[in-house]
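Chains as they are written, first to last, in UniProt numbering: chain Z, 1 to 260; chain Y, 1 to 260; chain R, 1 to 260; chain E, 1 to 260; chain G, 1 to 260; chain W, 1 to 260.
Hint data in this document are derived by calculation from the structure and do not stem from the laboratory.
Hints should not be assumed to be uniformly reliable.
Note that the list lumps identical chains together, so a pair holds whenever it fits in one copy or between two copies.
Claimed, not checked - Below, computed lysine-lysine pairings styled on BS3-like, alpha-carbon distance capped at 27 Å:
#, residue 1, residue 2
1, K56, K233
2, K56, K152
3, K56, K171
4, K226, K154
5, K108, K225
6, K171, K159
7, K58, K154
Residues per chain are reported as follows:
6 protein chains.
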Amino acid sequence: MTRPDSREVDALRPISFLPNVAPHATGSVLVSFGDTRVICACTVEEDVPRWMKYQKVKGGWLTAEYNMLPYSTLERKQRDITRGKIDGRSSEIQRLIGRSIRAVVDLKALGQRTLWIDCDVLQADGGTRTASITGGCVAVAIAINKLIADGKLKQSPLKQLVAGISAGIFKDTAVLDLNYPEDRDASVDFNVVMTEDLNFVEIQGSGEEATFSAEQMSAMLELSKKGVNEIVKLQKEAIAAADKADDGALADLAAAFGQS
Amino acid sequence: MTRPDSREVDALRPISFLPNVAPHATGSVLVSFGDTRVICACTVEEDVPRWMKYQKVKGGWLTAEYNMLPYSTLERKQRDITRGKIDGRSSEIQRLIGRSIRAVVDLKALGQRTLWIDCDVLQADGGTRTASITGGCVAVAIAINKLIADGKLKQSPLKQLVAGISAGIFKDTAVLDLNYPEDRDASVDFNVVMTEDLNFVEIQGSGEEATFSAEQMSAMLELSKKGVNEIVKLQKEAIAAADKADDGALADLAAAFGQS
Amino acid sequence: MTRPDSREVDALRPISFLPNVAPHATGSVLVSFGDTRVICACTVEEDVPRWMKYQKVKGGWLTAEYNMLPYSTLERKQRDITRGKIDGRSSEIQRLIGRSIRAVVDLKALGQRTLWIDCDVLQADGGTRTASITGGCVAVAIAINKLIADGKLKQSPLKQLVAGISAGIFKDTAVLDLNYPEDRDASVDFNVVMTEDLNFVEIQGSGEEATFSAEQMSAMLELSKKGVNEIVKLQKEAIAAADKADDGALADLAAAFGQS
Amino acid sequence: MTRPDSREVDALRPISFLPNVAPHATGSVLVSFGDTRVICACTVEEDVPRWMKYQKVKGGWLTAEYNMLPYSTLERKQRDITRGKIDGRSSEIQRLIGRSIRAVVDLKALGQRTLWIDCDVLQADGGTRTASITGGCVAVAIAINKLIADGKLKQSPLKQLVAGISAGIFKDTAVLDLNYPEDRDASVDFNVVMTEDLNFVEIQGSGEEATFSAEQMSAMLELSKKGVNEIVKLQKEAIAAADKADDGALADLAAAFGQS
Amino acid sequence: MTRPDSREVDALRPISFLPNVAPHATGSVLVSFGDTRVICACTVEEDVPRWMKYQKVKGGWLTAEYNMLPYSTLERKQRDITRGKIDGRSSEIQRLIGRSIRAVVDLKALGQRTLWIDCDVLQADGGTRTASITGGCVAVAIAINKLIADGKLKQSPLKQLVAGISAGIFKDTAVLDLNYPEDRDASVDFNVVMTEDLNFVEIQGSGEEATFSAEQMSAMLELSKKGVNEIVKLQKEAIAAADKADDGALADLAAAFGQS
Amino acid sequence: MTRPDSREVDALRPISFLPNVAPHATGSVLVSFGDTRVICACTVEEDVPRWMKYQKVKGGWLTAEYNMLPYSTLERKQRDITRGKIDGRSSEIQRLIGRSIRAVVDLKALGQRTLWIDCDVLQADGGTRTASITGGCVAVAIAINKLIADGKLKQSPLKQLVAGISAGIFKDTAVLDLNYPEDRDASVDFNVVMTEDLNFVEIQGSGEEATFSAEQMSAMLELSKKGVNEIVKLQKEAIAAADKADDGALADLAAAFGQS
């Protein structure tokens, strides 16, 4: 079996993180998994949702919104506001992003504030939801470092990193990190979210008008574990680079982004 | 560890199916998993969605809608139409139900018609989504038998049965078929959809502000397999009973339902 | 003139009440008028609407919601949330149900709480609005008895029972309690709501692209009066049975409902 | 008992019709019942609703929309579009207006066109729904006369006139045509729609947290009959005046309206 | 070049103001620019928007809503609530009306209250937005005079009058106050809002699939200045007349309005 | 008077165009006016709106959508879909963008297709609407060049370029291209859209609770003319660069964008 882009079955696409693309957010990053690109931003609001106050829940909150920009798809995608309702798929994905990142944030230690994670897909080529979780976690890390630098937090409520990756059964073979042509033709589609210490946070596996066996599942989970292990290293580099950027190189990065 | 209702860790709650509760549907059933009760109805529309016609996709379609009746929860749940938008969780669940049942239906063999699966929760005590899949499949089987009896189909497009069940980590132990108190306190929540031949259709596992290990996952999947195996037997009995009902006992059942 | 189901012009369809079908509601009943079946639930909220607080109105409130389940009709009825707005007819009916039951409840004596009456039509065969009022009143009575049993109320704010019934001009003859085929072909359609002591609460009479005379109106009101008189007796039996059920037979009823 | 504005119990408020207030409509009238003023317009669309084409129903259609302008009430009423949904009361009233006028229009003879009746309340002082029916019928008559004058119809599909009037029990007495202070304090509120030949089209009677007897009902219906009889005479004069206006006096009327 | 209605290029259409057409508003006027007629009402709410309280902004607020009645156009215009969203053009116009009138009101001196300006177009023949600003200002003046008469304000927060007028390039010529046929065929469309002392408040000029030169712009602005100068005189007369009306002639005006 | 960023009164901020940021669009550009950054994309749909077909209008259409990303503002901006309706300001701006670009496109020569211009603000620092028009025009030019290269068009329907720029009265002085702090404190705000040959397409000038004189207006228009003249040169360079990019350097640009 040969993959459409000739990758090995266990190879990730090139992954990169361009930090600080949205300077008005507290933390932001443009994450790329091959041709899938998502703007992930973390904005801090110094307040908590009404239900937390009402139910007297201590600490903070973290919530996510996911959106495909109209020009991110091969055929233009109508905006939600034009259709008048949020896309069911988007609603499902943003709930997943929020749950995944909340699993590694100590909400009590966050203080009475809300972290808004916004994920806007600039270009969709498969795996946008796992790229959003991966990039969203980096944006959160950058934002939290800024809160610490600003003296608003003493220590990080981010217990460890979290990353998402897809795996699937494509032409009867388990493969890692599917791009759009693979995703479209895969008989099984897995999205796996794991922590830095390689425990699971979330598993979503779905046969597309097909079923799958326990063996296939094991193979996909094994690939996912390998993938997350590699991704976490890249996340750490990106977070470190963003912090250095704050110490002086921000202008350089902005220039690079604005003028190539 | 003792479960709140004293069940063994691998024991299902009492499961029952009362067929034909909504006689205007083509097939219907009231499914109970303990105190969780869901009205599942399958209505046949002799038409397909516009996108299928537009894209010239052959065959039929199957779609699901999931809704919690306002009095199904301990505290009254506001109707979606009052809030003005569909609940994110409901939207996610109905997509899952549709995908799960489509995995066992040969849409091409269905002919140019749509099966609408409606799942309205009458009483919620944990596991409403898996009960909906389980009951929805029974409603579909009854409806298809009726289409065959009416001469509209020659053979069944339902390739095999599908059932859903939950498992979770409750007090550090893997348990099967969580009721609401268990679900609320579980650290990990799994929903598993499997076919009659015990292949997977869908797996959704989520750590609620917690993570889980590969071993815990295996234990939950093992329990789920045992559970689905038992549920499928009950589904078959219910479908057979409903068919006999159609041959004459419908009035009896309706009377029982209406007047106890 | 012979009626489609051979009833006498002044005969009701078989009417029954199955209490406690929705155990999470404070009071509930499945009411049947022939093949018309409606789930009626009364849920108590220990709060009042904002406008009452704002305008400093004393006492409690009672409000109703009416909804046809998608599979209740011969052709599947789209959910309101899918259309994006509440059905005009449903909106009108739920206002009628609320007004009718408020007419027999002493809101001041209810205390600062809201009674939510939810009426979900399981099967529609004519007369769903009057069945909803009739069943809704029984659900309220059961809920209030529970509030009294729980020590939350000392005496009942339900001053007397209220019931609804339809009458119409079918093939030039006044008939009582129209089923769907009669309703569809009737030239005049009356819905009458009366109290236990046979005073009027609400009259809605409408010529469907036709008019009616004072004599026809008198005949329909006479039939309605006879009908309500009979219905009230059945309501009283049902309320008494539900109360006894609470004293021990609940499991029996639930079993009957769940397993026939 | 003395009425707030000293009228006899069976006296109507001053009623007037100012035709052609909205010249872009096919027919229009500003109807006044005392201080209740409603702009009623009938616009002809040379098409029928999609459901009529789909179900192959012959002839035309007539539908009504009712709306209270924000400044029509003592306290400013928020527009429906701001609240995001149509007011339940408005929805109910516009259905009533449509049914009432359809009862006197031969839809088959109308041809394949739709009559839109728009009723916008300029000032509300009780009885806006019956004023809307009364004025809406005049607007329809004017529009139909124009269709005949334009050669689009050979004879009128308006079989006879229809009018609406309110009656109620105020201070234990049956009174005709309640203004707002009477309406607010009435224990029973009746809206009656009758044709020119004094048959009933629609009766809606409602006890506001009260009940009413058969005797009270008879008294209110008797008053209503007297009222409609008087109103129909005024409608006929208004229709005749509008027609003459079309023959030349339109400019005069417009001038009067615009500059008093 | 001859204008469709034979006016001089710098001539306004006949302009009139009929005050107090909506007596439940604090101030109201029916403004006519030729066949363009708009009901303008100013309602006082003794409260300010939430954001002002939240941000602790002193003083009052003024906001406008603009709406075309369905029968105001040659072809019936669907209501916003039926479409489910506010018309983009209406939204833009009501923001313009609000800004324009706020420019001449000292919001601090208004006290903690909100002026709602409602502009409902009864007949549209070009220039409805500038007629709305012009009439809206008169309605505000009447309302403020009433607040002063009622002792709620000591002096007027209305610093001077404001008026709107349109100009355009029609058949290559700059013309003033375009009616609908001119507006439809104009290559450039200007809306100008000026104060009593002939300073600008707002200029909106737009080439309709065309561009315009600086010279053309100057010509249109010159015409607009002339127009506003004339309009302000009429506004002053109308405000004075409305005040006198309050002193006794209200009944006369209402009679004229109601019965011509 | 010194400007907050020390610019001369007639100086633009640094302006740049990064083409092809959204490769799934037919043409795209990230436009920067100082710290204001907008993603502008032009997507071609091979169809026209329903109203054009219905009214049998020949040629194509061009429409624009404008949206502020939630993290583009100093305080997070709620998404339109969360509020349930499109922002009034956004609606107004997208209408302006569409009109402005349609003024320079020969829609008949475009063929039966729609150009969708999407403008998503990544960072807002004043002047987002004029940046959107300026960048939108570049995206259209790139898209049209691609249509020509693909043989879908023979010659360009883009008659000339169009650009937008702001001017205003800041501390009593006319200044060009206001950033956010200037915009917030300006007493007058002008947005000017001009073509390459320096004719006007659109002028919108608004006194923010202030008025302005004819002299001030002239000064602002003079500055705008100078600004547009400079911007058009930059637009031309960007379009040329994007075309060369298509001939080979696309990968380089994408790399630069993705990895800096």
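Going down the list of hints, with the structure as the test:
In this assembly of identical chains, the alpha carbons of K56 and K233 never lie at most 27 Å apart, being 38 Å within a copy and 46 Å across copies at closest. With identical chains, the CA atoms of K56 and K152 are at most 27 Å apart both within one copy (22 Å) and between copies (26 Å). For a Cα distance limit of 27 Å, the shortest separation of K56 from K171 across copies, 25 Å, qualifies, whereas the shortest one inside one copy, 52 Å, does not. For the homomeric pair K226 and K154, neither the shortest alpha-carbon distance inside one copy (33 Å) nor that between copies (49 Å) is at most 27 Å.
In this assembly of identical chains, the alpha carbons of K108 and K225 never lie at most 27 Å apart, being 29 Å within a copy and 37 Å across copies at closest. In this assembly of identical chains, the alpha carbons of K171 and K159 lie at most 27 Å apart only when taken from different copies (22 Å versus 38 Å within one copy). For the homomeric pair K58 and K154, the shortest alpha-carbon distance inside one copy (18 Å) is at most 27 Å, but the shortest distance between copies (38 Å) is not.
Taken one by one, the earlier hints fail for this structure at numbers 1, 4, 5, listed in ascending order.
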